[in-house]
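Protein sequence lines correspond, in order, to chains A and B. Letter 8 of the first sequence, counting from 1, is numbered 31 in this note's numbering, and no numbers are missing. Letter 48 of the second sequence, counting from 1, is numbered 239 in this note's numbering, and no numbers are missing.
Derived by calculation from the structure, the hints in this document are not laboratory data. Here the structure is a predicted model, which is why all the values come from computation and not from measurement. Cβ atoms here follow ideal geometry from the backbone N, Cα and C, with glycine treated the same way.
In silico DSBU-like links for lysine-lysine, alpha-carbon gap of 30 angstroms or less:
1. A:LYS92 / A:LYS72
2. B:LYS261 / B:LYS200
3. B:LYS200 / A:LYS72
4. B:LYS200 / B:LYS248
5. B:LYS262 / B:LYS248
6. B:LYS262 / A:LYS72
7. A:LYS72 / B:LYS248
8. A:LYS81 / A:LYS92
9. B:LYS200 / B:LYS262
Sample of chain B residues at the chain A side, in silico, Cβ under 8 angstroms:
10. TYR222
11. GLY293
12. PHE296
Single-letter residue listing:
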Amino acid sequence: AQSVTQLDSQVPVFEEAPVELRCNYSSSVSVYLFWYVQYPNQGLQLLLKYLSGSTLVKGINGFEAEFNKSQTSFHLRKPSVHISDTAEYFCAVTDLNAGGTSYGKLTFGQGTILTVHP
Amino acid sequence: NAGVTQTPKFRVLKTGQSMTLLCAQDMNHEYMYWYRQDPGMGLRLIHYSVGEGTTAKGEVPDGYNVSRLKKQNFLLGLESAAPSQTSVYFCASSLPGQGSYGYTFGSGTRLTVV
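The following block holds chain A by itself, in its conformation from the complex (with noise of 0.2 angstroms):
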């Protein structure tokens, strides 16, 4: 079974100033990773994902995530936040058993709610 831990429920952090958001995960097989975002109100949207190569993805809204397999982390960073990235960002895992027959299944870290200041 995996399992996703977000280190950090808040993030506070001014306009323009970087951020990280961290995520480690656990899972005895070979794992896709992702990271959601969530608007006030609103559903998830897939930000990036990753599933194989280059362990260093891009996503949307000039995102990006590192896969560190030996640290079994997926660290999300942003070089200079707007306001507009405040929302609640969710990693996420799904393994992959040698049939291939995860169904998609996710498991979600807790949530990481990022608050953007002027």
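For this one, chain A is given, so just place chain B on it according to the hints.
Leaving out everything else, chain B in the frame of chain A:
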């Protein structure tokens, strides 16, 4: 371009009442999921379906039932609502093979049980 549509968007139930939440997708996705979102707990999988006529239990299935009679619809039922089922419910869908590549989410149903 409706994507995934959830109805209703809001509902208040009294303890012991029953209701059905409807999820409809128009993307011909094979896989569909029901999650609940609670503060500080992220999203937890209730039930899922990998095709028409099939359903399976997720992480927190107790107190819920589901049906997938048509490929485009996935219904979540609460037979006897309890205050612990107060939550925001999200439906999502995806394609097989690409099921691990990211979901399309509905906008959610906010349910309060009093």
